[in-house]
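Trainee: So you can see what is in the structure, the chains are spelled out below.
Number of protein chains: 2
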Amino acid sequence: MIAVDWGTSSLRAYRLDGAGRIRARREAPAGIMTVAAGGFAEVLEAQLGDWIDDTPIVMSGMIGSRQGWLEVPYAECPAGAAEIARGLRPIVWNAGRRRGWIAPGLSCRDAAGVPDVMRGEETQIIGAVADLPAGEATICLPGTHSKWVSWRDGRIVAFATAMTGEVFAVLRRHSILGRLMKEGDDQRDAAAFTAGLRRAEERGGLLHHLFGARTRGLFGDVAEDALPSYLSGVLIGHEIAALAPPAGVVHLIGAPALVALYSEALAAHGCTSRTLDSDCVARGLFLLASHLPTGETNV
Amino acid sequence: MIAVDWGTSSLRAYRLDGAGRIRARREAPAGIMTVAAGGFAEVLEAQLGDWIDDTPIVMSGMIGSRQGWLEVPYAECPAGAAEIARGLRPIVWNAGRRRGWIAPGLSCRDAAGVPDVMRGEETQIIGAVADLPAGEATICLPGTHSKWVSWRDGRIVAFATAMTGEVFAVLRRHSILGRLMKEGDDQRDAAAFTAGLRRAEERGGLLHHLFGARTRGLFGDVAEDALPSYLSGVLIGHEIAALAPPAGVVHLIGAPALVALYSEALAAHGCTSRTLDSDCVARGLFLLASHLPTGETNV
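These protein sequence lines are chains A and B, in that order.
For the first sequence, the working numbering gives the first residue as 28, with consecutive numbering after it.
For the second sequence, the working numbering gives the first residue as 28, with consecutive numbering after it.
These are computed hints drawn from the structure, not numbers from a lab.
The beta carbon of each residue, even a glycine, is placed where N, CA and C say it ideally should be.
Just so you know, nobody snuck in bad clues.
Simulated restraints, written as ranges between beta carbons of each label pair:
#1 B:P56 - A:G275: 54 to 60 Å
#2 B:D213 - A:E72: 40 to 46 Å
#3 B:A284 - A:R116: 44 to 50 Å
Make a model of the complete structure from these sequences and hints.
Mentor: Right under this line is the structure:
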């Protein structure tokens, strides 16, 4: 089968054998934000046309959102592979000659009744936890919108999203904090990141600690080149203080550089971190497809 | 004398009599960001030329910053009117025929050694607290960069800045939260503001509660027109939870609409609020001028 993780900014595709092993992979900056409405089939054919034969195509991510190819309703927590697979929706193109499936996202409501959502991460998690022992686990997928997930007995029971990566980006680009920072790619500064983590543990709250990034820059306490790392430490420190368990193991899924930052932050907070396979989305899509009724996966 | 509060985006000027009473006032959108380097004397003459005779001109605000007319070093906490007045710096123009004074800003370091700064608010506070009884007081100046000030026995002993107003503005304009909000002026929605305040008291932290503004909008829990008020409630609620005292009186200085929001938020937090005169900057400048050595205020 072909597994496609089609997100906002990129498309990652995997060609899998009958046992779910990855035989080939492709990645393109062809995220849904780059595709005009009605243009999804054409982009998919352009990216994967030479792969497509009689194998089923199963997709997850923002491709199932209102801005995607077909809006697929959210499955609801608690949900494991079977419940999420039940929400898969078929999609046909080329006058019915091609057919694929799009996975649902997942929603939950917290104790106060406030909703939260994910699209794509649920499939990564399904794939990533296949190797974990039974019982409970905490999983974190850091990023633009970090996800903190409670896993129990084969199902996602609850989760919470933190806007950490996006808040970093808008403050870096559009606030007074960015004025002290140079344009262009940020250099990592390990000491400044650690100082930011430490600051997040002190009193005053995030909104005060953010202003402190400016004053520390103005007073030369933190070098200008190191300010992005300091800001990142403050934000990740606050995210972890609010959403990580007080101790125990956190399983991380994400890009290696970001996972390394979260590992350090979790260690400072008192947690141990373990890294899960970031290709887990291919395995997740394979597991979801295995729940489709026999015959349904053939075009 | 002439008292000038010259900030980033506007210039407010007052003509005072010998007892410090306001005889006339002017306001112009001639903040320092609109003035080219070297152009400050010209702008001041254009705004106040017909007022200027032999009266001293005393200024406070960002006009004393690196981007202003003359960078005046920060006074340091603890500081009252006498200590701040000691930092006044003279400025001359028109080939020495005109002379004015620029007030210093104020800096402090918290228990962890992290610096904080203000420019202009110290003068407002000096003027506003002239009527307060001796002892301790908490003063809040809400805004783009809200200031929380501890006042004791005639001096500012410490303060903390929260980037609340600016974080609201950049998220409103540049983040995914703004995509659900209409362009143009925001309407106040009292129920949504209160819901945002309540949310700030729940677990999950600010970065999670921000994402919740999006999901509540997506799920129709909060109407799109009401989302800016909800976001404002979440941010102000977090500011107050982190920086307000647990109980007691907080003195507010600021624009009436913003002061009303903070009064509600403080009441929900368990504090009583009292509003101080927002023309206090004129009185503060008058008090600072009264500390200048005799003869020094004449041009």
